[in-house]
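**Q** Sequence:
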Amino acid sequence: MIQDIFPSKLYNAFQKYTLRDADHVLQFRGDGCVLLKMSDPSDLFLRGEGIDQEKAVYLFSVDEERYFLITHEAQVEGGGYEYRSLREIRDLVGVCADKDVYVMYTAYHLWRWYTDNRFCGRCGKKMGYKEDERAVICPDCGNVVYPRINPAVIVGVTNGDRILITKYRTGFAFNALVAGFTEIGETFEECVAREVMEETGIKVKNIRYYKSQPWGMALDILAGFYCDVDGDDTIRMDANELKYAEWVGREDIVLQPNNLSLTNEMMNEFKEGRQ
Numbered sequence: 002m003i004q005d006i007f008p009s010k011l012y013n014a015f016q017k018y019t020l021r022d023a024d025h026v027l028q029f030r031g032d033g034c035v036l037l038k039m040s041d042p043s044d045l046f047l048r049g050e051g052i053d054q055e056k057a058v059y060l061f062s063v064d065e066e067r068y069f070l071i072t073h074e075a076q077v078e079g080g081g082y083e084y085r086s087l088r089e090i091r092d093l094v095g096v097c098a099d100k101d102v103y104v105m106y107t108a109y110h111l112w113r114w115y116t117d118n119r120f121c122g123r124c125g126k127k128m129g130y131k132e133d134e135r136a137v138i139c140p141d142c143g144n145v146v147y148p149r150i151n152p153a154v155i156v157g158v159t160n161g162d163r164i165l166i167t168k169y170r171t172g173f174a175f176n177a178l179v180a181g182f183t184e185i186g187e188t189f190e191e192c193v194a195r196e197v198m199e200e201t202g203i204k205v206k207n208i209r210y211y212k213s214q215p216w217g218m219a220l221d222i223l224a225g226f227y228c229d230v231d232g233d234d235t236i237r238m239d240a241n242e243l244k245y246a247e248w249v250g251r252e253d254i255v256l257q258p259n260n261l262s263l264t265n266e267m268m269n270e271f272k273e274g275r276q
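Residues in the sequence shown are numbered consecutively from 2, following this note's numbering.
Heads up, some of the hints might be wrong.
Claimed, not checked - Each computed SDA-like pair below joins lysine to any residue, with the alpha-carbon atoms no more than 25 Å apart: (1) K204 to R163; (2) K126 to P148; (3) K212 to P258.
Derived by calculation from the structure, the hints in this document are not laboratory data. In this text, all values refer to a predicted model and were calculated from it rather than measured experimentally.
Please model the complete structure; the sequences and the hints are all you need to start from.
**A** Take a look at the structure:
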């Protein structure tokens, strides 16, 4: 999965670091595309040299390498740099280091949060960085805002040697599983049952946790669950959410084109008979 970068390790604790010339710097455009040196996949990111310290904020470290975010759009000319979307970054798997793909997704998550919280939602004043933790604070009313993480579930609904495979109505084109965001006041298990019922009309039982995954593209933390069909297995698909929902045998499961996602791992676990 995208976070599996062993032997490298992400260190995401807040630190008040000063930008050094050799530090990596990520810059995002307003549409969420990230600036990369495509001419050199081994050295994709901007470096700290020449960048104003006041316009950069520390994000995290991977091993001994530190990563910062430019909080404005600098003008970078030539040098092989160009903007790429997160969906295009998926195609870089195998071209650049796995940890670099993870860095981009995680940095995007934080960039979105910083971008969406430039002004106080309580009084409208410009927010500043908190000095002792990962948060922004309003200098006028004291409102403190922490990074937003959206909890969501991925669900492998099993029916003997078949699993419920879906495809989304829009967006991602490959096979997937039932998925959805948890609502306020709802447990993960309640979300599993509700999402499966809403999208496919199937009742479930024996809900069991599998694994989780950070998914910066949608600011998510994904929680994966397997469960069994409960009674009638007739699918009543919500055509507003899905364009495909069918029971598929283990041997007929077509996986996604890469191993980045929790969804793909869960489909493969079932395909190989481990679930």
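**Q** If a hint holds in the structure, say so; if it doesn't, say that too.
**A** Outcome of the hint check:
no.: 1; hint: K204 to R163; verdict: holds (15 Å)
no.: 2; hint: K126 to P148; verdict: holds (18 Å)
no.: 3; hint: K212 to P258; verdict: holds (21 Å)
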